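Last residue of the sequence shown: number 226 in my numbering, and the count goes up by one each step with no gaps.
Rather than coming from a laboratory, the hints here were simulated on the basis of the structure. Given the structure is predicted, the values throughout are model-derived calculations rather than measurements. The beta-carbon is built from N, C-alpha and C at its ideal position, and this holds for glycine as well. One or more hints might be untrue.
[Stated by the list, open to error] Taking CB as the label site, the calculated pair distances span: (1) Pro47 - Ile209: 54 to 64 angstroms; (2) Ala204 - Gly93: 47 to 57 angstroms; (3) Gly65 - Tyr139: 30 to 40 angstroms.
[Said to hold, decoys possible] Below, in silico cross-link-like pairs of lysine-lysine (DSSO-like), each with a Cα-Cα straight-line distance of 30 angstroms or less: (4) Lys105 - Lys130; (5) Lys105 - Lys125; (6) Lys37 - Lys143; (7) Lys143 - Lys183.
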Amino acid sequence: MDSARPIGVVPFQWAGQGAAPEDVGGIVAADLRNSGKFNPLDRSRLPQQPTSAQEVQPAAWSALGIDAVVVGQVTQNPDGSYQVAYQLVDTGGAPGTTLAQGSFKVTKQYLRYAAHAASDAVFEKLTGIKGAFRTRIAYVVQKNGGQYPYELRVSDYDGYNQFLVHRSSQPLMSPAWSPDGSKLAYVTFESGRSALVVQTLANASVRQIASFPQHNGAPGVLTGWF
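My request is simple: use the sequences and hints to build the entire structure.
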């Protein structure tokens, strides 16, 4: 991380009842750190904790070698939803300038998604590279024992928001996403021989694509299956 760019990510201001349901600022900091391109300043070393772009004091940050700071707010709406807002503030070349900002209205279960969306925007603004923090991953887990030791799961790129797609007594292999992310193709051996299937995540419906005595694999090479 020595070559990573220092950046400030301030804990997002919480405006709602009780404790904040998610540490959105912490998620943004983790995303940027995970990219390998940024090294967020430890919270214990933050020179100030502004709650808006206007409160950022550029000199306090530039003295620490930091030329960009992320601040934000999470507000609980009367209907139970949440408003997540962020601002990226220049503390170097054009001190005090807001380089990027955005706001998302989400339900509680999508607070992490909103944080990842903010991270994507910050990452792209500072690097010119499209962020990928909203990426989901599909993977197979094999557990010891039990009737269904093989599980196909999906989660956020960082392992959060994990959910079970399919479990089986037989091996599951080669998960591949449809282009729009709504379906997964994978190989199953539940019929006694290998079969390619496509499962729609929204309703768990499964459609068999191919089944032959020979091994069927690598479903991602033919997007027409979706």
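Results for each hint:
For Pro47 paired with Ile209, a C-beta distance near 57 angstroms keeps the hint of 54 to 64 angstroms intact. Between Ala204 and Gly93, the C-beta spacing of about 51 angstroms keeps the proposed range 47 to 57 angstroms intact. The beta-carbon spacing between Gly65 and Tyr139, approximately 38 angstroms, falls within the hinted interval of 30 to 40 angstroms. Note on Lys105 and Lys130: the hinted pairing holds, with a Cα-Cα distance of about 22 angstroms set against a maximum of 30 angstroms.
A distance of roughly 21 angstroms separates the Cα atoms of Lys105 and Lys125; the hinted pair therefore holds under the 30 angstroms criterion. Between the alpha carbons of Lys37 and Lys143 the distance comes to roughly 35 angstroms, so the proposed pair goes past 30 angstroms and is violated. Pair hint Lys143 plus Lys183 holds up; C-alpha atoms about 24 angstroms apart against a cutoff of 30 angstroms.
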